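Colleague: As a plain string of letters, each chain reads:
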Amino acid sequence: DAGVIQSPRHEVTEMGQEVTLRCKPISGHNSLFWYRQTMMRGLELLIYFNNNVPIDDSGMPEDRFSAKMPNASFSTLKIQPSEPRDSAVYFCASSSGQGAGETQYFGPGTRLLVL
Amino acid sequence: AQSVTQPDIHITVSEGASLELRCNYSYGATPYLFWYVQSPGQGLQLLLKYFSGDTLVQGIKGFEAEFKRSQSSFNLRKPSVHWSDAAEYFCAVGHASGGSYIPTFGRGTSLIVHP
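Same order as they appear, the protein sequences are chains V and R. Counting in the working numbering, the first sequence runs from 1 upward without gaps. Counting in the working numbering, the second sequence runs from 1 upward without gaps.
One chain only, chain R, in its complex shape:
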């Protein structure tokens, strides 16, 4: 079965600093990988996704992620963090089933941004 590990429960950065959130997955075949963001009291919003092609994926809000098969990783990055990026970030790996896809989510990483 597929699984996702987000080793960092909390990450604290200063506004303007660079950010990298780690994600490791376990999946037997080519993975479909996602990063979602959840602001307080809100649902999840897709930041970016990877399922084929270029291993460096660009997303919304200036985020990018790089798929590294050899490391089973899909780390999320942003060169300069804004205070509004403070939120919970979820990595997910999905597999196709029954005409749709089933994501398995990590436990999330809470991003704290200091002014």
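Only chain V is shown next, with the shape it has when bound in the complex:
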């Protein structure tokens, strides 16, 4: 299995631009998670989906952030407009959705720099 795939691996953009991060979960996994990692705040859960439906988006920092999962094999996290404080590493993870104790498998992350 190829694991969780994220693209791009690195993104440099200017403030005000739209940024779209992409994620392909492991085939057969029902749950998908978006995380943000920064030095200041550590690893934060932004949103998670179960069977393509957003379950909890309370971690999304503000309206500039949006996430979609149009099908079981693809999800996007969009930032519009981007700001320098959005600079971070964004991880996507997926799991089987079988409940507590299940394992999350992380992608390699997208390193975002907003100038």
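Just so you know, these hints were derived from the structure itself, not from any lab. Be aware that one or more of the hints could be misleading.
Covered by chain R, per the in silico footprint, the following chain V stretches (three or more residues, Cβ under 8 Å) [to be verified]: (1) 34-48; (2) 105-113.
Some chain R residues close to chain V (C-beta under 8 Å, calculated; not the full set) [to be verified]: (3) ARG22; (4) TYR25; (5) GLY53; (6) PRO103; (7) GLY108; (8) ILE112.
Some residues of chain V that are not near chain R, with every Cβ distance over 10 Å (derived) [stated by the list, open to error]: (9) ASP63; (10) GLN80; (11) PRO84.
All values derive from a computational prediction rather than experimental measurement. Beta carbons: idealized from backbone N, C-alpha and C, even for Gly.
For this one, chain V is given, so just place chain R on it according to the hints.
Modeller: Then chain R, alone, in the frame of chain V:
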């Protein structure tokens, strides 16, 4: 709400020495506990997990962890550290929600291995 404390930001050990990384959690019910490792530029990889049964859990790469309810701890151990173990280690406590589980991560402990 659940929380995780990793009191050591950095730990330095010599190669071949034993290792113990501390983790304390706060959670009202029986916790689901995890240790993840993150190598530089990589996503998180699960080392081991506990959600029931034997309180001493064996993981990959020779790691083990012991759940101690009385101390609200889940410390990670390895008898002999290898240089390749240098990485960031995250403890997490999870709870079931919406068909999946939601982990809360600690801030991480950076392991430095001296030759």
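Colleague: Work down the list of hints and note, for each, if the structure agrees.
Modeller: Hint by hint, here is what the structure shows:
1. Counting residues of the region 34-48 of chain V whose CB lies closer than 8 Å to any CB of chain R gives 4, so the stated coverage by that chain holds, three being the minimum.
2. Counting residues of the region 105-113 of chain V whose beta-carbon sits less than 8 Å from any beta-carbon of chain R gives 5, enough to reach three: the coverage restraint holds.
3. For R/ARG22, the shortest C-beta to C-beta distance to chain V is roughly 16 Å, which exceeds 8 Å, and the interface hint is violated.
4. For R/TYR25, the interface hint is violated, the least distance from its beta-carbon to any beta-carbon of chain V being 14 Å, above 8 Å.
5. Taken as an interface hint, R/GLY53 does not check out: its beta carbon lies about 11 Å from the nearest beta carbon of chain V, beyond 8 Å.
6. Nearest Cβ of chain V to the Cβ of R/PRO103: about 7 Å, under the 8 Å cut. The hint holds.
7. Checking R/GLY108 against chain V by beta carbon gives a least distance of about 7 Å; that is within 8 Å, so the hint holds.
8. The interface hint given for R/ILE112 is broken, as the beta carbon of that residue sits about 17 Å from the closest beta carbon of chain V, more than 8 Å.
9. Every CB of chain R lies more than 10 Å from the CB of V/ASP63, the least distance being 22 Å, so the non-interface label holds.
10. With a cut of 10 Å on Cβ distances, V/GLN80 stays outside the contact zone with chain R, its closest approach being about 25 Å.
11. The beta carbon of V/PRO84 is kept farther than 10 Å from every beta carbon of chain R, the shortest such distance being approximately 22 Å.
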